[in-house]
Amino acid sequence: MKVNVVYLTTFREIVGRRSETVELPDGSTLMDLLETLAERSQKFRKELFNPEGGEIRSYNKVALNGIYAEYLNEKFATKLREGDKILIAQGVSGG
Amino acid sequence: MAFKFKGYGGKIIRVDLGREKTVSQPLSSDMAKKFLGGNGFVTKILWDEVKPGLDPFDPENRLIFAIGPLSGTGWPQAGRFEVGAKSPLTGIYGDASCCGHWASELKFAGYDAIVFQGRASKPVYLWVDDDKVELKDAKDVWGKTTSETEKILREQHGKDVQVASCGPAGENLVRFAGILHQRRAAARSGIGAVMGSKKLKAVAVHGSKDVALADPEGFYKFSREIIELYKRDKFIESRAKYGTPILVELMNEIARWPVKNFQTGYTPHAKEIGGERIREEYRIKDRASFGCWARCEKPLMVKQGPYRRIYAKQPEYESLSALGARNWIHNLDVIIYANELCDEYGMDTISTGGTISWAIECYEKGIITKEDTGGLILSWGNTETLIELINKIAKREGFGNLLAEGSLRASKKIGKGSEKYVMHVKGMEIAAQDGRAQKSMGLAHATSSRGADHLKAFPLLDEVVMNEYIVARYGREYLPEMANRLDIKHKPFEVKDGEELCALCDSLLLCKSAGTSLPLFTGAVYYPEMAKAVKLATGMNIDASGMRTIGERIVNLQRAFNIREGISRKDDTLPSRFTEEPAPEGPPKGHVVELEQLLDEYYKLRGWDKETGLIPRKKLEALDLKDVADSLEAMGKLPR
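Chains G and L, in that order, are what the protein sequence lines are.
For the first sequence, the positions run 1 to 95 when this note's numbering is used.
For the second sequence, the positions run 1 to 640 when this note's numbering is used.
Hint data in this document are derived by calculation from the structure and do not stem from the laboratory.
Each statement offered as a hint is correct.
Under the rule of at most 27 Å between Cα atoms (straight-line distance), these lysine-lysine pairs were calculated in the DSS-like manner:
hint: 1; chain 1: L; residue 1: K33; chain 2: L; residue 2: K619
hint: 2; chain 1: L; residue 1: K285; chain 2: G; residue 2: K43
hint: 3; chain 1: G; residue 1: K2; chain 2: G; residue 2: K43
hint: 4; chain 1: L; residue 1: K241; chain 2: G; residue 2: K46
hint: 5; chain 1: L; residue 1: K260; chain 2: G; residue 2: K85
hint: 6; chain 1: L; residue 1: K271; chain 2: G; residue 2: K2
hint: 7; chain 1: L; residue 1: K231; chain 2: G; residue 2: K46
hint: 8; chain 1: G; residue 1: K85; chain 2: L; residue 2: K589
hint: 9; chain 1: L; residue 1: K271; chain 2: G; residue 2: K46
hint: 10; chain 1: G; residue 1: K43; chain 2: L; residue 2: K271
hint: 11; chain 1: G; residue 1: K79; chain 2: L; residue 2: K589
hint: 12; chain 1: L; residue 1: K412; chain 2: L; residue 2: K260
hint: 13; chain 1: G; residue 1: K75; chain 2: L; residue 2: K589
hint: 14; chain 1: L; residue 1: K33; chain 2: L; residue 2: K532
hint: 15; chain 1: G; residue 1: K85; chain 2: L; residue 2: K271
hint: 16; chain 1: L; residue 1: K365; chain 2: L; residue 2: K420
hint: 17; chain 1: G; residue 1: K43; chain 2: L; residue 2: K231
hint: 18; chain 1: L; residue 1: K199; chain 2: L; residue 2: K21
Take these sequences, add in the hints, and give me the full structure.
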């Protein structure tokens with residue numbers, strides 16, 4: 001299964017690209033994707049997750065096809081589908 | 001005699017341009033206590049001195065520059081100044097604010113406001129140098145662009161002088177002309193045209209006095225605590241790094257990004273004009289206003305091509321929308337140039353781009369033709385036409401003369417159903433928020449006192465899901481609906497509360513974008529912190545509840561001003577595109593703004609009459625506005 005990830009703000013700087021296609025095993029969840037990305041870079045992990053508990057920091061925002069994870073029925077346990085678009089951003093609002 | 005409260009200059013400059021007279025008068029302590037400063041002062045003076053029905057270009061309109069008790073103190077994010085007048089664009093209450101170093105300079109000169117009335121017989125500018133206040137001949141700067149004007153006046157009066165000026169657009173009475181200072185704009189409401197109508201080119205200020213504080217040690221200790229919070233705040237971090245353009249791609253992804261005159265909320269081209277690209281390819285450095293920790297201004301360099309510029313201003317999120325995607329333009333070099341043109345002419349980019357995109361849509365639909373445009377072909381993505389129209393609007397040449405009236409007036413002249421495509425509220429072009437994708441913004445546009453505007457309520461808690469902050473500010477019972485931008489539940493409350501907070505911010509001249517409405521992550525400055533800062537600065541003992549009341553008083557007095565001009569519920573509306581045409585794509589697909597439901601609840605929370613939107617006497621008296629109730633009653637403008 002392939003999904004499209006778009007990075008904004010600091011995450012774009014850390015990853016060094018605007019977007020990429022990521023291949024995941026079928027049945028993977030949104031959290032599986034984030035863990036996969038965090039495995040590649042400690043800096044990415046540190047920015048994305050709280051140091052304790054493994055939760056996403058509250059000021060970071062992750063959206064699946066334009067819907068923030070908080071409003072998905074299964075939240076970060078939502079299963080991804082082929083072609084999904086995932087947005088990862090930090091600390092942006094106000095306009 | 002020294003003013004009763006510290007923090008203030010304690011004086012207002014009154015300028016009668018027709019009689020060429022300037023007078024310094026004491027600030028009323030009662031006005032300071034009830035309205036604090038900034039837009040509080042603007043609102044009170046407009047209510048008291050501008051008669052209903054007055055043509056905004058009549059010499060008797062007032063043009064008011066006002067600052068607040070925190071201006072010039074170094075309090076973080078308090079570098080703005082407010083300018084107000086009856087708006088020539090909307091015919092109702094009008095104001096705009098701007099950051100930079102003008103506000104602090106006026107405080108250093110010892111003043112809290114400057115009120116202009118009348119019309120000069122020839123172009124003039126006001127020169128304020130501490131206690132010396134004089135009108136001077138503006139022959140050297142009349143006709144000059146805003147940055148030329150600043151440069152010339154600084155050469156004449158010294159490099160530390162701070163200048164706010166209108167450009168050629170204001171001189172030519174373009175109804176959405178603004179006032180510029182250091183390439184920053186007090187843009188909305190057409191206040192620059194009021195300035196031009198008075199033949200007032202600029203206000204140049206130099207001050208050298210200290211700002212006295214009630215408790216300097218306590219004030220600066222508290223100020224440092226707040227600064228430390230800001231420095232740790234992730235929002236400030238991203239704002240400092242990118243400025244407002246960082247919002248472009250995010251708002252596009254949630255389909256809230258106006259494209260082709262709001263025909264849709266998404267474009268695959270947003271990445272071409274987003275904040276990340278600007279930072280990577282154009283940014284030179286950061287610049288900050290007085291006392292600003294967000295330093296969101298980013299001078300740019302356009303390195304090559306026909307629009308090459310060595311030191312250009314970064315367009316704000318709003319300008320990237322209005323001059324860019326709204327007109328299907330994604331060439332960043334062109335948008336940067338168009339933005340600079342608007343600043344040099346002194347025009348609001350939102351209304352400029354909004355009016356042009358209305359014209360393009362009408363042309364697309366065959367309503368406007370080449371006969372109307374003088375041969376110009378209007379089309380989406382036409383960069384040459386965008387630049388040509390900006391030039392023509394500022395100079396009021398040809399088709400530009402019609403567009404200089406703003407999209408609503410222009411549509412009334414064109415007719416033929418063109419009114420349907422005017423994206424406005426009360427005559428003001430809507431900013432870069434598609435209300436179908438964020439219901440709170442839809443309501444905020446409809447109820448804003450200056451016509452369509454996002455900054456009067458600035459509802460952000462649902463913009464990117466701020467659950468923790470909603471719980472901290474209001475309680476867990478507001479979740480999950482308040483954080484859901486497509487759910488109308490709690491949105492009237494969010495908008496009402498935001499309007500009062502924003503009115504208070506504008507009276508203290510705090511930057512809403514990076515001062516009070518934000519940061520959302522630390523919640524550093526809210527009513528208790530504002531009350532404490534004002535007490536330490538001024539000695540005025542107003543608690544958090546009192547601060548909230550001041551915000552509510554200002555909102556109601558602005559509404560009263562508008563009611564006196566004939567505004568009622570019928571005017572708190574949105575274009576049919578938002579209320580009848582479902583959003584075509586993205587997360588809001590199928591959504592419209594359920595405006596009537598939202599308004600019913602909003603009026604109820606406000607204590608206003610649901611049928612008419614008028615304010616009952618009881619509400620006005622509770623806000624210590626009995627005289628306003630008496631006046632509205634005499635006009636038959638209280639609800640039955």
